[in-house]
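K.L.:
Sequence:
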Amino acid sequence: MTAPAPAPAVPAPAAPRIRRREWLHILTRAARTPRGMVGLGLALVVVLIAVIGPFVVSYPPLAFVTVPGSPPSAKFPLGSDILGRDVLSRVLDGGWQLLLMATGAMIIGVVLGTAAGIAAAQLRGWRDGLIMRTVDVILAFPQLVFALLLVSILGPARWLLVLAVGISHVPQVARVMRAAALDVSERDFVKAVEITGVRQSKVMSGEILPNLITPLMVETGLRLTYSIVIITGLSFIGFGLQPPAPNWGYMINENRIILTSNPWAVVAPAILIAILTVGLNLFTDAIARVALGIERAEKIIAEAAGTGIVSEIPA
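Mind the numbering: the sequence shown is residues 78 to 392 in this note's numbering, read in order.
Quick caveat, the hints were computed from the structure, so don't treat them as lab data.
Remember, it's a predicted structure, so these values are computed and weren't measured experimentally.
A couple of the hints might just be wrong.
[What the hints assert, rightly or not] Quick list of simulated restraints, FRET-style, between CB atoms:
(1) Val214 to Ala151: 53 to 63 Å
(2) Ala347 to Ala322: 27 to 37 Å
(3) Arg210 to Leu237: 47 to 57 Å
(4) Val355 to Pro321: 22 to 32 Å
(5) Ile129 to Ala151: 14 to 24 Å
(6) Pro149 to Arg210: 46 to 56 Å
(7) Pro320 to Pro149: 20 to 30 Å
(8) Val270 to Val122: 39 to 49 Å
(9) Ser338 to Asp205: 57 to 67 Å
(10) Val344 to Ser278: 46 to 56 Å
(11) Thr273 to Asp205: 15 to 25 Å
(12) Phe266 to Pro321: 50 to 60 Å
(13) Ala374 to Ile230: 21 to 31 Å
[What the hints assert, rightly or not] Below, a list of computed lysine to any residue pairs in the SDA-like style, where the Cα atoms sit at most 20 Å apart:
(14) Lys279 to Leu189
(15) Lys279 to Ala192
(16) Lys268 to Ser282
(17) Lys279 to Arg204
(18) Lys279 to Asp205
(19) Lys152 to Val124
C-beta atoms are modelled at their ideal positions from N, C-alpha and C, and glycine is treated no differently.
Please model the complete structure; the sequences and the hints are all you need to start from.
P.N.:
See below:
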């Protein structure tokens, strides 16, 4: 009597793979959540106003067109500012520079902070200590105070303002990315690449960085929000973009005197800044929630497959 044939082995569930465009997948899912849709919608409205606004202004933003402090009227929907310039035209033309400078500061802070954090996590030893102690020195100063210190010493040049705000982001980004990179640097695929003798810079850029997409995306959104707030604050106290060019932060400061006669000169730019920051915060929070859900799902699948924490060399 022949022995029964063994039952075919059921393959274990495959460990989830790191997607080539994981950032796009997370952004898409975040934009479909209620929180993400609201946040993205609010942010896009303000961005469109800032981008399209300069091309649809009714009057030149620097022109004196009516009596100072005039209330809203049919000809001037938001009235005039303290010098008799059209508030609506200045609001429409006053946002694009803020967005460009905030984006530049965010890029500087995220790039330098990510590089410092990954290098500290991977190199370890005295180099880790040197990098993080340098970061701690910058972290000892509040962001607004640090940016204000540099700008007050060297002058309110636009490039310096962007650089100062960007450098003020480096400590926070470096700490977050170091904590995330410490986990990735201990995974098997990183150790396997290190054994082959690949340069550390190649390991950090080719193996560790692609696995830090989630915290990198969250930090990008947060740093953009903080950049807008800090640059606006510096403009409010006179150390940011200089008059007479329209600027939302400085408009709030210079028109406080006419708050009773025409509050829209202050309220309009303040509302746009608030909507932009709230929208970015909501969308960033949606990204973090989606990324956390994906990470938990991957861990559950990996544990079911008996593989532990999921890790793989990115394609």
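K.L.:
Now, for every hint given, state plainly whether the structure supports it.
P.N.:
Verification of the hints:
no.	hint	result
1	Val214 to Ala151: 53 to 63 Å	holds, 57 Å
2	Ala347 to Ala322: 27 to 37 Å	violated, 18 Å
3	Arg210 to Leu237: 47 to 57 Å	violated, 25 Å
4	Val355 to Pro321: 22 to 32 Å	holds, 29 Å
5	Ile129 to Ala151: 14 to 24 Å	holds, 23 Å
6	Pro149 to Arg210: 46 to 56 Å	holds, 55 Å
7	Pro320 to Pro149: 20 to 30 Å	holds, 23 Å
8	Val270 to Val122: 39 to 49 Å	holds, 45 Å
9	Ser338 to Asp205: 57 to 67 Å	holds, 58 Å
10	Val344 to Ser278: 46 to 56 Å	holds, 51 Å
11	Thr273 to Asp205: 15 to 25 Å	holds, 23 Å
12	Phe266 to Pro321: 50 to 60 Å	holds, 57 Å
13	Ala374 to Ile230: 21 to 31 Å	violated, 50 Å
14	Lys279 to Leu189	holds, 17 Å
15	Lys279 to Ala192	holds, 13 Å
16	Lys268 to Ser282	holds, 14 Å
17	Lys279 to Arg204	holds, 17 Å
18	Lys279 to Asp205	holds, 18 Å
19	Lys152 to Val124	violated, 25 Å
When held up to the earlier numbered hints, the structure conflicts with 2, 3, 13, 19 and fits the remainder.
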